[in-house]
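Protein chains in written order, with the numbering used here: chain A, 1 to 467; chain B, 1 to 175.
Take these hints with a grain of salt, some might be off.
[Unchecked claim] In silico contact screen, one side only, chain A against chain B (beta carbon under 8 angstroms); selected entries:
| # | residue |
| --- | --- |
| 1 | R148 |
| 2 | T163 |
| 3 | W206 |
| 4 | S226 |
Because the hints were derived from the structure by calculation, they are not lab data. Heads up, the beta-carbon is just placed ideally off N, CA and C, and yes, glycines get one too.
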Amino acid sequence: MQTKDINEQIKWAQINNDVLRSLENPRMAYWVAVGICVAMIACAVIGVGYVYTTGQGTLDLYWPDMWGTWIGTFIFWIGMSHSGTLLSAILHIVHADWRKPIYRFAEAMTTFSLMTAGLFPIIHLGRMWNLYWVIPYASDRGIWPNFRSPLVWDAFAIFTYLTSSALFLYIGMVPDLAICRDNARGWRKKLYTVLSLGWAGTDRQWRNFRKTYLLMACFLIPLAVSVHSIVSSDFAMSIMPGWHVTTFPPYFVAGALYSGCAAIITLFIILRYFFRFEEYMTIPILEKTCKLTFVIAMAWTYLNAIEFATVWYGPDQVDKELLINKFTGPYSPYFWAMLFFGSVMPFTLAFEKLRRHIPTMFVVSLFLNVGMWLERWMIVSPTLSLSYEPFAWKVVWPSIVQWAVVFGSFGWFGLLFLVFVKVFPSVSMYEVKEMVYHRRRAVVDDNAKALHRRSSDPQPAAEMPGA
Amino acid sequence: MSKHRIMGLFSDFEQAFAAIAEIRAHQIPGVSVDDVTLKSPIEHPEIEEVLGERSSHVPKFTLMGATFGITFGFLFLASAQATFLVQPQGGKAVVPFPSNFVLTYEMLILFGVLFTLVSFLISARMLRRRDTLYSEMVSLDQVGVLLEVDEKNAQALKSLFQRHKVVDIREEVVR
Numbered sequence: 001m002q003t004k005d006i007n008e009q010i011k012w013a014q015i016n017n018d019v020l021r022s023l024e025n026p027r028m029a030y031w032v033a034v035g036i037c038v039a040m041i042a043c044a045v046i047g048v049g050y051v052y053t054t055g056q057g058t059l060d061l062y063w064p065d066m067w068g069t070w071i072g073t074f075i076f077w078i079g080m081s082h083s084g085t086l087l088s089a090i091l092h093i094v095h096a097d098w099r100k101p102i103y104r105f106a107e108a109m110t111t112f113s114l115m116t117a118g119l120f121p122i123i124h125l126g127r128m129w130n131l132y133w134v135i136p137y138a139s140d141r142g143i144w145p146n147f148r149s150p151l152v153w154d155a156f157a158i159f160t161y162l163t164s165s166a167l168f169l170y171i172g173m174v175p176d177l178a179i180c181r182d183n184a185r186g187w188r189k190k191l192y193t194v195l196s197l198g199w200a201g202t203d204r205q206w207r208n209f210r211k212t213y214l215l216m217a218c219f220l221i222p223l224a225v226s227v228h229s230i231v232s233s234d235f236a237m238s239i240m241p242g243w244h245v246t247t248f249p250p251y252f253v254a255g256a257l258y259s260g261c262a263a264i265i266t267l268f269i270i271l272r273y274f275f276r277f278e279e280y281m282t283i284p285i286l287e288k289t290c291k292l293t294f295v296i297a298m299a300w301t302y303l304n305a306i307e308f309a310t311v312w313y314g315p316d317q318v319d320k321e322l323l324i325n326k327f328t329g330p331y332s333p334y335f336w337a338m339l340f341f342g343s344v345m346p347f348t349l350a351f352e353k354l355r356r357h358i359p360t361m362f363v364v365s366l367f368l369n370v371g372m373w374l375e376r377w378m379i380v381s382p383t384l385s386l387s388y389e390p391f392a393w394k395v396v397w398p399s400i401v402q403w404a405v406v407f408g409s410f411g412w413f414g415l416l417f418l419v420f421v422k423v424f425p426s427v428s429m430y431e432v433k434e435m436v437y438h439r440r441r442a443v444v445d446d447n448a449k450a451l452h453r454r455s456s457d458p459q460p461a462a463e464m465p466g467a
Numbered sequence: 001m002s003k004h005r006i007m008g009l010f011s012d013f014e015q016a017f018a019a020i021a022e023i024r025a026h027q028i029p030g031v032s033v034d035d036v037t038l039k040s041p042i043e044h045p046e047i048e049e050v051l052g053e054r055s056s057h058v059p060k061f062t063l064m065g066a067t068f069g070i071t072f073g074f075l076f077l078a079s080a081q082a083t084f085l086v087q088p089q090g091g092k093a094v095v096p097f098p099s100n101f102v103l104t105y106e107m108l109i110l111f112g113v114l115f116t117l118v119s120f121l122i123s124a125r126m127l128r129r130r131d132t133l134y135s136e137m138v139s140l141d142q143v144g145v146l147l148e149v150d151e152k153n154a155q156a157l158k159s160l161f162q163r164h165k166v167v168d169i170r171e172e173v174v175r
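Sequences and hints are given; from them, build the entire structure.
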């Protein structure tokens, strides 16, 4: 049974070999996963192609719930992006070294989640070839952005987050790209030579690298919090029932961290199997990630309870009716499923035996994210469908084409991620070397102390005979 | 007199640091620890105790970037909003501070990050051709100590490296 985050006896050369091998020699399951992702993307492409050749009516987008599914999925992907960079940055600042073998793929997850999320506002326009209409430039159409709108804040925040998190991922990878450069041949050598920016491992480079990485981490923490707070403002700044809630920003941030942590567990298990990373993605690190997820799940549950209580004891009757409708109305099966997956299922993470059982954790992490997708859908659709005017109530279910696009987005994310981990090292070699180095020194120090106590050197006074 | 660039490759930090300690003790005339360049697969946590305090200018650029972001962000928005005066504002402020604060905050972070990145490229002397003494072993598991010395001191430096169990010595004449 693995009890250590990492085996400190592992040689630095072996770390290089194991990680570099992952770039060339994955298990067969990797290629099966690539095939599944391509098939999922094909579903979305066929769906969208059908819409554009047949007509927008085939999307079944009816008033009042015009775009609930797509915007719900957009929030889901934005949320998914949070854990990677945010946790990487926070754990880096607090010197939690167990993050080192897993932060690289978590940061990649952030970047690709954002790229997937960015598709949905474009898709939901309907005629996406007219996207340039929303870009503010001087023209006779006189279209100007309304800077008071949270939607404009959203565009600024997501662009900043995508740029910053992609740069954070890239800068953190530079020393590893130099290792790849020194060991690669052919097109890979050319690629890594360009991307490693001439890294030579000098003390000047390391010194400036550390400062840069730390400063970027410091920027990314408030940025990540602000991005999802701003996404929550898309809803909270309106006066719609169920949306005009003060706790929405922390609720969104907690939900984002929750789904991101669950996705980290899923991807951890997948990469561990695909690339034979048992030495690096160890069970104790999985356990720590599970504990963190459990804590965040409880925070999310608490914020849910606060929201329900505030509405229940509050003065807004329409808000209250909407809440009752969520519990008992047409959306109730999904609402209860959300509560079960989001608040009850995380208790499996509280048991050590289950946390150490990889198949169980894989299934649980998938269900947690199903719960998180339902959460976003339950934020958007019920409010749109069951708003102020009962005559306008209409429960709209996503059409098959909408499902195809949602399904395809998972394939798109999966394919980007799988290509990334095949081209770039998904475990940070230099950080794992540092981790091993520190652990080895700690063991040596402990042994030295133990030896000292057994030797004939002067002993502490309390242990002297007769003291 | 020609100058020699000499790099000793050591199997671990302890031996490399012992060699640097001897250089610090002025064992070789005209060679100071300030001239030492250390190449390593990781950054040693106590590197400053060995090489001495060496500064980094990255935080200054970060501050400049953040300040530029605040200034540019707000002025960009305010000037855009002032241009929209032709449009009806409905009695609302032409330059609304609450919403501009959110956007200025994002610009602060964006330019802070971008300036930090640029300063890293400049301060760390990236985007340069690697020198001819670069060893791939440095990215694997060895530690390199690089110095430029006069021809007359080259042999003394090599002997110093050898006293500390150097694995390999690489040398080039620069002028």
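Hints and how they fare:
1. Hint on R148 (chain A) holds. Least Cβ distance to chain B is approximately 5 angstroms, under the 8 angstroms limit.
2. A hinted interface residue such as T163 (chain A) counts as satisfied when its beta carbon comes closer than 8 angstroms to some beta carbon of chain B; here the least separation is about 6 angstroms, so the hint holds.
3. About 4 angstroms separates the beta-carbon of W206 (chain A) from the nearest beta-carbon of chain B, less than 8 angstroms, and the hint is met.
4. For S226 (chain A), the interface hint holds, since its Cβ comes within 8 angstroms of a Cβ in chain B; the closest pair sits about 7 angstroms apart.
Checked against the numbered hints given earlier, this structure breaks none of them.
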